[in-house]
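2 protein chains.
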Amino acid sequence: MIQDRLTRLRDRMSEKGIDFYMIPTSDFHGSEYVDDYFKVREYFSGFTGSNGTLVVGHNMAGLWTDGRYFIQAENELEGSGIELFRMMEEGVPDIPDFLGENMKSGQTLGFDGRTVSCKEGKELEQKLKSMDIRIFYEEDMAGDLWKERPLLPNHQVIVLPEEISGQSMEEKLLAVREKMKASGALYFTLSKLDDLMWLMNIRGNDVACNPVALSYSFLTPEELYLFIQPQEVTKEFTEYALKNHIIIKDYKNIAEFLNGYDYKGKVLLDKGNINYALYKILSDKAECVFESNPTEALKAVKNKTELSRMEEVYLKDSAAVIKFICWLKKNVGKEKITELTAAEHLDGLRREIQGFLDLSFPTISAYKENAAMMHYEALPESAKEIKAEGMLLVDSGGQYMGGTTDVTRTIALGEINPEIKKHFTKVAVGMLQLTQARFLYGCTGRNLDILARQPLWDIGIDYKCGTGHGIGYILNVHEGPQSIRWRFAKGAAEAIIEEGMVISNEPGVYIEGSHGIRTENVIVAKKGEKNADGQFMFFDTLTFVPIDKEAIDTTCMQPIDVERLNRYHEQVYLRTEGLLTAQEREWLKEATSPLRI
Amino acid sequence: MIQDRLTRLRDRMSEKGIDFYMIPTSDFHGSEYVDDYFKVREYFSGFTGSNGTLVVGHNMAGLWTDGRYFIQAENELEGSGIELFRMMEEGVPDIPDFLGENMKSGQTLGFDGRTVSCKEGKELEQKLKSMDIRIFYEEDMAGDLWKERPLLPNHQVIVLPEEISGQSMEEKLLAVREKMKASGALYFTLSKLDDLMWLMNIRGNDVACNPVALSYSFLTPEELYLFIQPQEVTKEFTEYALKNHIIIKDYKNIAEFLNGYDYKGKVLLDKGNINYALYKILSDKAECVFESNPTEALKAVKNKTELSRMEEVYLKDSAAVIKFICWLKKNVGKEKITELTAAEHLDGLRREIQGFLDLSFPTISAYKENAAMMHYEALPESAKEIKAEGMLLVDSGGQYMGGTTDVTRTIALGEINPEIKKHFTKVAVGMLQLTQARFLYGCTGRNLDILARQPLWDIGIDYKCGTGHGIGYILNVHEGPQSIRWRFAKGAAEAIIEEGMVISNEPGVYIEGSHGIRTENVIVAKKGEKNADGQFMFFDTLTFVPIDKEAIDTTCMQPIDVERLNRYHEQVYLRTEGLLTAQEREWLKEATSPLRI
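Protein sequences, first through last, are from chains F and E. Counting from 1, position 574 in the first sequence corresponds to residue 574 in the UniProt record's numbering; the numbering is continuous, with no gaps. Counting from 1, position 149 in the second sequence corresponds to residue 149 in the UniProt record's numbering; the numbering is continuous, with no gaps.
Calculated directly from the structure, the hints in this document are not laboratory data. Accuracy of the hints is not assured; some may be wrong.
Copies of the same chain look alike in the list, so a pair counts if it fits in one copy or across any two.
[Unchecked claim] Derived EDC-like pairs: lysine to aspartate or glutamate, alpha-carbon spacing no greater than 20 Å straight-line:
#1 K490 - E291
#2 K526 - D462
#3 K527 - D462
#4 K271 - E32
#5 K422 - D458
#6 K464 - D533
#7 K589 - E32
#8 K336 - E32
#9 K147 - E42
#10 K589 - E335
#11 K181 - D540
#12 K530 - D458
#13 K530 - E512
#14 K181 - E222
#15 K526 - D458
#16 K464 - E389
#17 K16 - D262
#18 K179 - E291
Isolated chain F (complex conformation) (with noise of 0.2 Å):
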């Protein structure tokens, strides 16, 4: 079937002269997650993990995929006659590398210029220039021999009344297009799909675990035009457009409007957050100025609405996890559980929180060895039984009205070896440590990451990522620009720590084949004592649920290390003892009795 789709492709590539055509996984966007439309890669392979890239030539094909599913995509590959490119591993080329190795002199290179970023776009462009190779990005040529293709999802909007967004749109606009006017832009082309959200106060439900709707936005000293599906807009979203001056058109259409449009100036895109279409548009039609979004660090920054109902938000999702943990715990070994029936139980107990509407991400659940894996995903087939005895890591979170959250807490189900305590021990040590950083105002990650990560350098033990990451409102479980690590890419920008960003704060080990261990609370900036030495800094805590005591070893700890543990599990008691059954604040009261020093 794989192979018939194949040959498929490959005579459309002869009709239109195409002799390499690669199909990322992403949508228009760059989202994280995508809706089964933009699944043609999974079509075109039969591979149907959360990543990969397929290329395809007359004599080959190819999949590139990382390190979590070079079983599975084994596997789903099989017979398909495409060979498996292992992501990272020594000796296999990244894309780029392969093509330049392959391609000829004067051939040509597809793919749908929507599915991938410019800045991919102009890297692919930069390696095959020299070598007189052509790139036809203008069609979506597989997906439109995928038979059967679904719909693009379209749901309906909601906007968010200001009780709950915290600042109007128009406040909004009005900072964005200050900060054009800084840049010496005219326009602004905004396609990335949280911060466009965030501007006109909407959410969507058109990506999986993100609420945001698929548009785009282009803005001009004046107007706002809104490119969306017209299923979803409401009567209600009408009347606020109305009201807000909001363009509304098609979303086909935004190619289309960009390429027609009489630029009288400069127009601003962020290199990494549109798609190399609409950038080979704009760039051949006016001048472009490359920076940031402007909206990410606005919305970075949440506002004092955004915060107290995040505050809520929080302890209800602490609750749901606690009362999780409470009922791993009292019924493992006696029921069957797997990694994959835990994390639907913890689901479950999300689903029920006032305001839920869905996952922030889908939940990790590893099991033992498999938390080694920082990504590891459950799958169907494979799920571990969870019993009596090593650890459980679970990460999870969920969207509600409200915020949106991120917890991860390594569950101990028996006893623990002394090694693996003293892991446990020091990435508790570190979590705390950076959570009560006092700073200056003006530093960064890289001036923090040092704080979480010491008491695991200290014993030789590194992470391989960073701290944390920005958390949205209501949006993406990831957002930036705010980042706690120790490296940076080169030329990144990083982000001073502004007051009211949130952050999460999960430092861990990963030993291979052994155990993984991550603890993360999500943290938010705050400004503490100005003097003559400057503005300082601190951080609050969000998420309040209990570090497993039974995998603690004191004896690796210092005096304040466990002074901090008890502070932290004496709120944790107090915040959230009322939301809790009998039984369960029975158990959390042990669960965060003081540990002496």
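Chain E: place on chain F using the hints.
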């Protein structure tokens, strides 16, 4: 007298058609200290401080200097008609701004282009270009008017034997030429004196506290030209030059040489470390590659010989400081000691050390509130008398045939109040915390700075400077490229901390009008464990001088902080006791005895 001199200068300016003339305090190499020959600004202003720039117009004369010298400058400028510009005070323009406001289109600004760095010169160019102002930089117009000007310093150079340098000039040249090649440069003009001394394995004595010879060098793929005053060339050096194919030229002919050279490729030069006059020649005659001097990073990584000699020298230097502290504690209140005589006593102890060449910078000896000024300079007329109360901050170092040292201790001379004790303790905790850092290779000083600063930030205090700077080997006490600080100037390069880099570690507290504390050790980066997570790094300590327990409050410390201090003190005693008298040893025994947790 000053007015006569200024009149002569103005006459000369009129002859040459110059409207404003600027006289900075610099030699031709941007050295940190300057010889008497270069004190043209002092000659024309009467101001004797170490930092200041004179600007003379036909109707005004102004002197810019920093906070250390405001009072002194006021006194010394009295009656001269020269206006004092207090740098960094609110409402006081800097020189480019002042010139921008006071010069008119078509006018000419003059200065000796050799005493202004390329970077500063280009900034002035940038500022004045649009105003159609000419810059005349080709003559030392003011210096020529100085009657009885001292001669250029011209001390004989010495050649370091390989048992001192640890690496032959040939090997160093090879490494530098590789870097030139990598930068696409055929030539390299090096005028930073310490880099030049390092490259050639020679030392001079033309700059106070810096054992360097006034010189330039010009490298081609095959040749090395050295421009140096003939008086500095010894028979030993002539032989060494012959053996190493060094082409010796006269120092005064560098401009002529670079002007007449037949360039067949690009020239590498370091914008921040070449003077404006040479830059103008090079950019006129050849294509320039602007990069840090390739010698800088090579010089910063000390080789085994250098490190083992430094270890030895640091012990002797530490012993001198221990002797000093012991002497001070025993004699304070019994005989008259001032900030200056205390410094002289310490300097005398250093002079007795075998291999002593010079101080590495003028000893800072600051009593009580004077210590709150980071760069305080005790002057004969105003040096404070030291009594048996308060604290004395002493920051000092030596140049030895075997290393350059730098150490600061703040010494309690009586009962210390709890607030100051707390500050002192937090400084010590931060210094030891940074010393104990284990970190992955790839970290820069920005990642680590918070380890020293956090105990102070925790109590709402900051010090307005970096935590650490690189230290030369029988060279400048301040060198790059490494640096430990939490912020870098925009666009400043951050150096990864490499094995063999020697760095100061000097957190402090500076409370204006009250007290100042600085505790400074010198540490050296080493490779530690290498495992699947990467190459871990750590620091070894070179400085072994007790940290005053009389100013320590263990209630502000965690047990690990006390342990670290005790372990350090144990090493101080073990390593230095053999270098002390019986009486000093007895004192040190007590000064390093363990504190109880």
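*Pop the pair K336 and E32 into one bin, within, between, both or neither, using alpha-carbon distances up to 20 Å.*
Classified as neither; 33 Å inside a copy, 74 Å across copies.
*With 20 Å as the alpha-carbon cut-off, assign the pair K181 and D540 to within, between, both or neither.*
neither (34 Å within a copy, 52 Å between copies)
*Could you place K530 and D458 in one of the four classes (within, between, both, neither) given a Cα distance threshold of 20 Å?*
Classified as between; 13 Å across copies, 33 Å inside a copy.
*Up to 20 Å CA-CA - E222 versus K181, copy category*: For K181 and E222, only the intra-copy Cα distance (12 Å) is at most 20 Å; the inter-copy one is 54 Å.
*Up to 20 Å between alpha-carbons, please classify K16 paired with D262: within, between, both or neither.*
neither (32 Å within a copy, 56 Å between copies)
_I want to check one pair: K422 and D458. Are their C-alpha atoms no more than 20 Å apart within a copy, between two copies, both, or neither?_
within (12 Å within a copy, 26 Å between copies)
*From the Cα coordinates, with 20 Å as the cut-off, is the pair K527 and D462 best called within, between, both, or neither?*
between (30 Å within a copy, 16 Å between copies)
*asked:* Within, between, both or neither: how does the pair K589, E335 come out at a Cα-Cα threshold of 20 Å?
replied: neither (25 Å within a copy, 66 Å between copies)
*Give the relationship of K530 and E512 under a CA distance limit of 20 Å: within one copy only, between copies only, both, or neither.*
between (46 Å within a copy, 17 Å between copies)
*Within a copy, between copies, both or neither: where do K464 and D533 come within 20 Å Cα-Cα?*
between (35 Å within a copy, 8 Å between copies)
*Checking K490 and E291: alpha-carbon separation at most 20 Å within a copy, between copies, both or neither?*
So K490 and E291 pass the 20 Å test inside a copy (16 Å) and across (18 Å) alike.
_Intra- versus inter-subunit Cα pairing at 20 Å for K147 with E42_ = within (13 Å within a copy, 87 Å between copies)
Checked against the numbered hints given earlier, this structure breaks hints 7, 8, 10, 11, 16 and 17; the rest are met.
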